[in-house]
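Visitor: Sequence:
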Amino acid sequence: FTVESNKLWILQTRSGKRTAKSAVKIAVDMVKEKLISKKNAVTRINPHSLDTLLHPTLDEKSKINVIAKGLPASPGAASGKVVFSSEEAERLNEMMQDTILVRVETSPEDIHGMHAAKGILTSRGGMTSHAAVVARGMGRPCVSGSSEIDINYDRKIFKTTSIEIKEGDLITIDGSTGRIIQGEVLKVKPEISGDFSKLMSWADSFRKLKVRTNSETPLDTKTARDFGAEGI
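Going by full-length UniProt numbering, the sequence shown opens with residue 1, and the numbers climb by one from there.
It cannot be assumed that every hint is accurate.
[To be verified] Here are the in silico distance ranges between beta carbons for each label pair:
(1) Met127 x Ile163: 25 to 31 Å
(2) Lys34 x Met200: 18 to 24 Å
(3) Thr221 x Leu11: 53 to 59 Å
(4) Gln97 x Ile10: 20 to 26 Å
(5) Ile232 x Thr19: 28 to 34 Å
(6) Glu164 x Gln12: 43 to 49 Å
[As the list claims (entries may be wrong)] Quick list of in silico lysine-lysine cross-link-like pairs, PhoX-like style, CA-CA up to 20 Å:
(7) Lys187 x Lys63
(8) Lys7 x Lys21
(9) Lys21 x Lys61
No lab work stands behind these hints: they were computed from the structure.
C-beta: ideal position from N, C-alpha, C; glycine also.
When you get a sec, could you build the whole thing from the sequences and use the hints?
Guide: Structural data, given as structure tokens:
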């Protein structure tokens, strides 16, 4: 904008970048101020962005060291010790230790390790890969297809352009952005309350379809129920 002769001129406008949490708050506040209707508030929100609010997110105040990036295959943030096998993920899980399962690709044989791990990281595969699809079904954070990491199973390490990570080292993955971060980062637990709860209640009053889940295990069913599914 510019001001000329005490007159304001708008030169250019664009949609402001904002997080899903901020977008929800803005929409709810605009309804409170009677600027838009409840239905309009619901339609203004990208439904895919709401998924990030149902999972742990990184504390925005934390200092982080991003060592690599991949595809944001399954939302949420998780920290844990790096493991390269499903067996090791299970072993440490029994000892109450959090892990991140790091694989070139996952397969059905890795299901038990994916259940045991807090998050999954792969160097190959896209948004519809085995790791991505299974992780989303489990509600596990996942970063897939990170070509920036080079995994060596024999030495139990993976390398990036800037660092070498060994088995047992702590890392954090952000499945909402695809970031891979050195060390453990503070996280914020999801809360289905406040503005988000209000927006979803408005959506419930307009929708005509019931939300059900496709699950095969008690854990998957519980995860879906926690997220608001009404049946199988």
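Visitor: Each hint should be assessed against the structure and marked as holding or not.
Guide: A quick look at each hint next to the structure:
no.	hint	in the structure
1	Met127 x Ile163: 25 to 31 Å	holds (26 Å)
2	Lys34 x Met200: 18 to 24 Å	holds (21 Å)
3	Thr221 x Leu11: 53 to 59 Å	holds (54 Å)
4	Gln97 x Ile10: 20 to 26 Å	violated (56 Å)
5	Ile232 x Thr19: 28 to 34 Å	holds (32 Å)
6	Glu164 x Gln12: 43 to 49 Å	holds (46 Å)
7	Lys187 x Lys63	holds (12 Å)
8	Lys7 x Lys21	violated (35 Å)
9	Lys21 x Lys61	holds (15 Å)
Checked against the numbered hints above, the structure breaks hints 4, 8 and satisfies the rest.
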